[in-house]
Amino acid sequence: MPVRVGLINGCSGNLGSVISAFEFYKYNIGIVTDPESLNDYDVLVLAGVGNFKTASEKLKKYNLWNSLNEEIVKNKKPILGICLGMQLFADVGYEGGETSGFGWIKGKVVKIEDNSVRVPHIGWNKVVSAEDTLLFKGIKDKYFYFMHSYYFLPEDMDTVIATQDMGIQT
1 MPVRVGLING CSGNLGSVIS AFEFYKYNIG IVTDPESLND YDVLVLAGVG NFKTASEKLK
61 KYNLWNSLNE EIVKNKKPIL GICLGMQLFA DVGYEGGETS GFGWIKGKVV KIEDNSVRVP
121 HIGWNKVVSA EDTLLFKGIK DKYFYFMHSY YFLPEDMDTV IATQDMGIQT
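Quick note on numbering: the working numbering labels position 16 of the sequence shown as 16, and the sequence is numbered without any gaps.
Hints in this document: simulated from the structure, not taken from any laboratory.
Cβ atoms here follow ideal geometry from the backbone N, Cα and C, with glycine treated the same way.
Don't take every hint at face value.
[Stated by the list, open to error] Within a straight-line C-alpha distance of at most 16 Å, the following computed EDC-like cross-link-like pairs (lysine to aspartate or glutamate) qualify: (1) Lys-108 - Asp-91; (2) Lys-77 - Asp-42; (3) Lys-126 - Asp-91; (4) Lys-60 - Glu-36; (5) Lys-61 - Asp-42; (6) Lys-111 - Asp-132; (7) Lys-106 - Glu-36; (8) Lys-77 - Asp-91.
[As the list claims (entries may be wrong)] Distance ranges between label pairs, derived from CB positions: (9) Asn-75 - Thr-33: 37 to 45 Å; (10) Phe-24 - Ser-129: 27 to 35 Å; (11) Lys-111 - Asn-69: 39 to 47 Å; (12) Asn-125 - Thr-159: 15 to 23 Å; (13) Asn-75 - Gly-30: 27 to 35 Å; (14) Asn-39 - Gly-97: 18 to 26 Å; (15) Gly-138 - Ser-20: 16 to 24 Å; (16) Tyr-145 - Lys-26: 17 to 25 Å; (17) Asn-69 - Leu-153: 37 to 45 Å; (18) Lys-142 - Asp-114: 19 to 27 Å.
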């Protein structure tokens with residue numbers, strides 16, 4: 001039976017792009033719109049473009065915040081965070097004001113304050129995998145598109161599997 005991938009609706013303006021990418025690789029993908037539909041999928045994807053605070057508020061408004069947290073922490077369901085979705089894995093984010101994240105990865109999402117980096121940072125950067133991981137199998141040292149003014153600063157660098165260097169490692 002093919003893996004069922006659930007794309008969480010609530011913090012993204014790029015659902016169509018993410019769906020197209022998964023469909024290109026022949027994944028069975030659907031959209032999670034309510035807490036009950038979390039159970040319909042084997043793997044979850046939290047993708048997002050926008051503001052940390054606004055995204056967390058939307059997930060709470062749609063009653064997905066607590067259910068998603070339970071699904072990941074208690075039920076150990078795998079999840080992939082893309083862009084803002086990954087930033088929400090942090091303990092706290094400061095975009096839009098100090099806001100609690102899920103706390104799945106210890107760290108914080110902070111503004112890029114390096115004067116040598118143009119903000120927002122927009123463009124293609126090489127992502128270097130820190131180790132040989134399943135997530136980066138076949139895509140080691142490839143270029144990814146970035147558009148951000150904030151970055152994830154983890155408490156423990158052992159939680160990092162890949163970085164990109166734009167003057168600071170994000």
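Q.
Hint by hint, where does the structure go against what was stated? Just the numbers, ascending.
A. The structure conflicts with hints 3, 5, 6, 7, 8, 9, 10, 11, 13, 14, 17, although it agrees with all the remaining ones.
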